[in-house]
Amino acid sequence: MTYFRITIVIFVLMSSLFAEHMFSKIQNPCDDPIISKVRKNGMVPMSLKERIYFIRVKRACLNAGGSEEVFAQIELKEYNRDFGKAREMSSWTSTFSYSVIVALFYYFVLGHMADV
Amino acid sequence: MKHQIKSYILFAGIFLASASVMAQPKLAIEIGAGLYEPVLSGFDDNNQFPVAKFWNRNLLTNYGIYYQFFYNARIGYSSYTSWAGGELNNEGGSRPIFFRSISYRMFPIETYFRYKPKIEFNFTLTPIWGRSKIQLNTRLNDSGDDWDILLGIYGNNSVDLATMGSMKSDWLGYSGQLGIRYYIKPYLGLDFKFGFMNNYYSEKKWRLQGNKILGPVYEISKLPIFAFKIVYGLK
Numbered sequence: 001m002t003y004f005r006i007t008i009v010i011f012v013l014m015s016s017l018f019a020e021h022m023f024s025k026i027q028n029p030c031d032d033p034i035i036s037k038v039r040k041n042g043m044v045p046m047s048l049k050e051r052i053y054f055i056r057v058k059r060a061c062l063n064a065g066g067s068e069e070v071f072a073q074i075e076l077k078e079y080n081r082d083f084g085k086a087r088e089m090s091s092w093t094s095t096f097s098y099s100v101i102v103a104l105f106y107y108f109v110l111g112h113m114a115d116v
Numbered sequence: 001m002k003h004q005i006k007s008y009i010l011f012a013g014i015f016l017a018s019a020s021v022m023a024q025p026k027l028a029i030e031i032g033a034g035l036y037e038p039v040l041s042g043f044d045d046n047n048q049f050p051v052a053k054f055w056n057r058n059l060l061t062n063y064g065i066y067y068q069f070f071y072n073a074r075i076g077y078s079s080y081t082s083w084a085g086g087e088l089n090n091e092g093g094s095r096p097i098f099f100r101s102i103s104y105r106m107f108p109i110e111t112y113f114r115y116k117p118k119i120e121f122n123f124t125l126t127p128i129w130g131r132s133k134i135q136l137n138t139r140l141n142d143s144g145d146d147w148d149i150l151l152g153i154y155g156n157n158s159v160d161l162a163t164m165g166s167m168k169s170d171w172l173g174y175s176g177q178l179g180i181r182y183y184i185k186p187y188l189g190l191d192f193k194f195g196f197m198n199n200y201y202s203e204k205k206w207r208l209q210g211n212k213i214l215g216p217v218y219e220i221s222k223l224p225i226f227a228f229k230i231v232y233g234l235k
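Chains A and B, in that order, are what the protein sequence lines are. Per the working numbering: the first sequence ends with 116, consecutive numbering throughout. Per the working numbering: the second sequence ends with 235, consecutive numbering throughout.
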């Protein structure tokens with residue numbers, strides 16, 4: 001009985017949180033504003049609710065004959081943007097990384113040699 | 001002069017505002033598992049404790065949260081915990097349920113760079129605030145006897161207990177880890193790390209309800225560690 005009550009409470013909570021996005025039928029999914037929003041800002045800044053909605057829009061759009069290329073481009077753009085920002089280390093971060101490598105070298109190589 | 005100061009303030013204001021717009025604060029959570037190989041002779045040398053198995057010796061559960069505070073750097077909190085539980089086989093006692101945890105709570109600084117659009121290398125240094133906890137779920141009447149038997153194993157005299165309690169020990173340490181992360185989605189990644197932990201643990205620094213007591217011997221001073229995590233970017 002307790003499990004039944006808990007299930008109902010969870011169901012009510014989930015449906016109040018996600019009802020609009022989870023169960024509503026998406027009209028014209030390929031023209032949904034979320035696609036242009038994601039294209040502009042990427043998926044990272046979105047909330048969980050929006051991410052779920054975007055996944056639904058993507059699925060509905062592909063089912064309606066939309067091009068997968070559009071969504072692949074969105075992801076690729078985001079990967080490339082993050083890659084561009086993080087491909088080189090800036091300021092003190094490279095020194096910090098060298099310190100970690102030295103610490104690991106000291107532990108695994110020199111420490112092991114000292115034990116032997 | 002006043003005009004110049006105002007200009008500097010305005011310029012600084014615009015610079016900070018643009019930095020806060022351009023910068024991307026990224027908050028991420030992680031869950032995962034770790035592997036290590038401690039020697040817990042405080043338990044293994046005595047057959048009263050639950051039998052040592054992979055899950056209660058070598059496996060660590062992990063969760064954490066990270067915040068990207070600089071271009072290639074994150075700061076956060078990450079906790080690795082080893083769990084053990086079972087019946088304490090104490091002759092003369094009530095065979096209470098024994099529960100033991102060893103937590104390695106880390107406050108890492110992690111720097112990283114992307115080798116390829118989907119592949120990241122990361123470098124972590126972190127202090128450790130370790131804590132171990134031993135708890136006995138005894139029958140109320142047998143509480144004192146059960147604790148006396150357990151503490152006697154480690155060479156303690158009888159301890160007067162007001163109620164059921166748990167014995168705890170804290171220590172400090174540090175860890176260095178090297179990791180590789182593969183992004184399945186721009187906000188979802190799989191992270192594999194390896195590194196070491198150095199813990200300054202002492203079996204003489206246990207406490208139970210305000211009493212300083214002797215605890216089990218753990219050989220956890222120099223340990224290699226491997227971890228696998230799923231990282232989810234929230235924002």
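I should point out that these hints are in silico values taken from the structure, not numbers from a laboratory. Among the clues, some could well be false.
Unchecked claim - Partial list, derived from the structure: chain B residues whose beta carbon lies under 8 Å from chain A:
| hint | residue |
| --- | --- |
| 1 | LYS26 |
| 2 | ALA52 |
| 3 | PHE54 |
| 4 | TYR66 |
| 5 | TYR67 |
| 6 | ALA73 |
| 7 | ARG74 |
| 8 | THR111 |
| 9 | PRO127 |
| 10 | ARG131 |
| 11 | LEU178 |
| 12 | PRO186 |
| 13 | TYR187 |
From the three backbone atoms N, C-alpha and C, an ideal C-beta is built for every residue, glycine too.
Structure-based check of all given hints:
| no. | hint | in the structure |
| --- | --- | --- |
| 1 | LYS26 | holds, 7 Å |
| 2 | ALA52 | violated, 24 Å |
| 3 | PHE54 | violated, 23 Å |
| 4 | TYR66 | violated, 14 Å |
| 5 | TYR67 | violated, 14 Å |
| 6 | ALA73 | holds, 5 Å |
| 7 | ARG74 | violated, 10 Å |
| 8 | THR111 | holds, 4 Å |
| 9 | PRO127 | violated, 13 Å |
| 10 | ARG131 | violated, 23 Å |
| 11 | LEU178 | holds, 6 Å |
| 12 | PRO186 | holds, 4 Å |
| 13 | TYR187 | holds, 5 Å |
Comparing the model with each earlier hint shows violations of hints 2, 3, 4, 5, 7, 9 and 10; every other hint is respected.
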